[in-house]
Amino acid sequence: MTEDDGKNQGVDLGEFLEFYLLDSQEQIEKLGAGLLQLEKEGGNIGLINDLFRSAHSLKGASGTMGFTPIVAMTHAAEDLLDRLRQGKIDVSLEMIDILLAVTDRVKAMLAQVEQRLEITLGYEDLVSSMKALVSSQIPAAPVTPQLVTKNQKVVDNDFVPLNFSLDPSESAKLNNAQIMGYSVYQVDVKLAPNTLMKAVRAVMATQRLERMGTVIKLFPSIEELETGNLEGFSFLVLCDEPVEEIKRELLEISELSDVVAHLYPDGIGGGEERAKDTKNAVEKPVLELDPKLDLKPSPKPSPKPGLKPDLESDLKPDPKLDLKSDLKSDPKLDLSLNVVTAENTFKPVPTKKAVFESKGAASESVIPTEGAANGEGNTQVHTIRVDTARMDNLINLVGEMVITRTRLVQIGLDLKTQYQTDNMVNSLNEANVYLGRLMNDLQESVMRLRMVAIGTVFSRFPRLVRDLAKKTGKEIELVLKGEDTELDKTVVEVIGDPLMHLIRNSVDHGIESPKERRAAGKTELGTVTLDAYHEGNHIAILISDDGAGLPLEKIRNIAVSKGLIGEKEELSERDIANLIFLPGFSTADKVTDISGRGVGMDVVKKALNNLGGMVDIATRQGQGTTFTIRLPLTLAIIQALLVEVGEEIYAVPLSSVLETLLVNRTDIKTVGGLPMVQLRGNTLPLISLQEKFGLPAPEIVSNEVFVVVVGFGDKALGLIVDELRGQQEVVIKSLGDFLNNLPGIAGATILGDGKVTLILDIGSLIQDVLVMRKN
Amino acid sequence: MAEDQLVTFSLGSEEFGVDIMRVQEIIRIPPITRVPKAPIYVEGVINLRGNVIPVVSLRTRFGMTRVEETDLSRIVVLQVQNKVFGIRVDAVTEVLRIDSEAIEPPPPVALGMDSQFIRGVGKIGERLLILLDLDHIMGGETSHDVSA
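So the sequences go chain by chain: A and B. The working numbering puts the first residue of the first sequence at 567, with every later residue one more than the last. The working numbering puts the first residue of the second sequence at 558, with every later residue one more than the last.
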């Protein structure tokens, strides 16, 4: 253990930091979105409860990780929301603003945490303004949260708190929880007389409690329950559920005859009182409670054959165990039973303690994290988070399997030609066909793993629009549609910024001020709509506003005055609208900090082009403007045209292929040392890939060659190739650190036969030719 | 006594050794895709279970003449500074241990090849092993490329 760990109550940060960050960021997003909804809808109790829960789990998780500034802020926010929940205060604009500021501050703090920095941002200002909100409006009300008051009634006189002999990290957790306002219960469970397998009951009870809160300690330990003839056991639990709920939940386990829960008083079981009982003190430094954790890695000795039926019959009577459809807890339950059985069978296991101890530290820090992630009675989440690297690996493996399958098929066909009528060959080929179907399904499923709903990107915009609208004094509503539309993670990651820019533009330039809108006979509330849907192999994203529309005349004049177009040039409305994507164009009369320094739209267009996407504008005077973005569903897979040059095969991204031609060699003229061909009255510069890449010249020169006409922006170029192999979907792979940035090569892909093929970088090839022409 | 465990392989008549901890695997020569404009010693790229990795021809890197592929030709896949690449060798001979004391620094005029690739020379009985310094096989100094 390092000093760092000590600071954080013995929790090993590194391993869980990632989970914490992901979870917290999610909660913060939820909070932010919920607050905006709250602002719109007012006191919706379900919503407030959701917000409260988000704040609460954020607080819990942060407390576990030892980030006190976040705890302090979320605690105050929680208080405020609790007030709101009880109807003691009303939603006010001021409150929303403060709470939003809290989410921003927490986000900033999380960013510091992510960079492994100390949290340096202050929080006192926000906490005090929240406190002011809480107290100013209801000075008479006591500050203690409702839950505690309710629970205090439960503490009766003849209840004697048990000394759980906590170790330092456990008591730190307890103190922390008590400070943070969690209710801590001592739950005493009595077993029915002659209960078999008491440890199993304890494990089951632990799991049920873990669903409602966090179990700090079980007393006596599982081992003692296993061996001793005890009539019951006690838990120390952090939980915000009412006592009745705990009782009800536990009594569902068979053979538990009685459950009593008491509020556990502060200051007991803390470090100073720790372990007076010598028996407990020698027992072990860490008590293993979380069965999911220690059981998996521990070796599973096979139980004696005779014991198994016994165990099963013993378990059957519990209807919950059999019927419960709760996916999350079931497998774990099975596992734990398994091992308890094992322990039963081999009673004195000398290594057991060592295993338990070594796992102790890890599991201990997981308990609270888990509690925060799925505790607090949140709805069950049926998703898991997976490292993308693992997913990419899976995709690679599936790709390899596809290649191996093609080889199998080839072998099957070869065998067939050799031993025509043999039944074995036929069975092999049948199996191959079936395997092929499975492989197709598998490949499709794996690719779908990468798909993410675009809602994750959209969700950050309501806040943006709200703030921008406030700043500009406009009234704007953002309508989100098609949030479920899925697209590849790679696209989702990069689409945010261009979208943000377009939305800013719509808010700043598109929507008019309320006064102007009234004058135009429109409602004062402007609407910006964000919509997404699938369109063949592409995704379309629409950003539309019901504002004034683009001032086409003005755009034209500016373009002329900046020399971007000629004065007499004939342009359609659409062409004029698209002028705003030219570099160095800005129509805003004055520069605002929201948008408009003349670096906006061309950057957006460039970013989208880099993603293989396009953007188009439709505008109608006085009725609004719609930007339509079309993007490929994934950046990992592209359509490519495979071409042959000598013996090599190259892939040309189909998005940049304009057309292919068959050209007679005699038509190729040389202008200034560079080959050209006449194409519909224009000269098209050519390059020979064979010369460009220094490939050996073919022995037989044919009279005709194929030319692949590629375009990038408004430049076009013809690539001379020997053969066209057809188009194919290819998965883009990097050439790695050693070989990236090679001129003319964008990456590599692996073809069906397992061979690596290079993907051409059309942009850089065209650039090269332009440079050559200048020289 | 400190020991080094080495994978040894041959190029022509000379024998070389690399630290076994750097060796990820040894494979037969798959189809190699030539990469235009890559450094001359990069023979191309191969598909290693779905990953594209570069392959260095050690013969070219060390300025030796090229030879035809034989049954014994192998690619030794190495992991150096978290980067994976392969080196093509004539044959992989064995895996052996060598006392650290039996390793001598490279002679100033190194065996007819650039000394930047050599970590030392190991003696096992009558045999001489050239221990490679893998950090410079990929990238590293380019002076050699120019002269090569």
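Calculated directly from the structure, the hints in this document are not laboratory data. Cβ atoms here follow ideal geometry from the backbone N, Cα and C, with glycine treated the same way. Mixed in with the good hints, there may be bad ones.
If we take Cβ atoms under 10 Å as the criterion, some of the chain B residues that face chain A in the derived model are [to be verified]:
(1) R591
(2) V592
(3) I610
(4) L685
The following label-pair restraints were derived from C-beta to C-beta distances [as the list claims (entries may be wrong)]:
(5) B:D690 to A:N1006: 44 to 54 Å
(6) B:Q638 to A:L960: 21 to 31 Å
(7) A:G1102 to B:G620: 53 to 63 Å
(8) B:G620 to A:Y985: 12 to 22 Å
(9) B:R606 to A:Q976: 17 to 27 Å
Quick list of in silico lysine to any residue cross-link-like pairs, SDA-like style, CA-CA up to 25 Å [what the hints assert, rightly or not]:
(10) B:K640 to A:N1307
(11) B:K594 to A:T1089
(12) A:K1321 to B:D576
(13) A:K1321 to B:L653
Here is what the structure says about each hint:
no. : hint                          : verdict
1   : R591                          : holds (7 Å)
2   : V592                          : holds (6 Å)
3   : I610                          : holds (7 Å)
4   : L685                          : violated (30 Å)
5   : B:D690 to A:N1006: 44 to 54 Å : holds (47 Å)
6   : B:Q638 to A:L960: 21 to 31 Å  : holds (26 Å)
7   : A:G1102 to B:G620: 53 to 63 Å : holds (54 Å)
8   : B:G620 to A:Y985: 12 to 22 Å  : violated (52 Å)
9   : B:R606 to A:Q976: 17 to 27 Å  : holds (19 Å)
10  : B:K640 to A:N1307             : holds (16 Å)
11  : B:K594 to A:T1089             : violated (62 Å)
12  : A:K1321 to B:D576             : violated (30 Å)
13  : A:K1321 to B:L653             : violated (34 Å)
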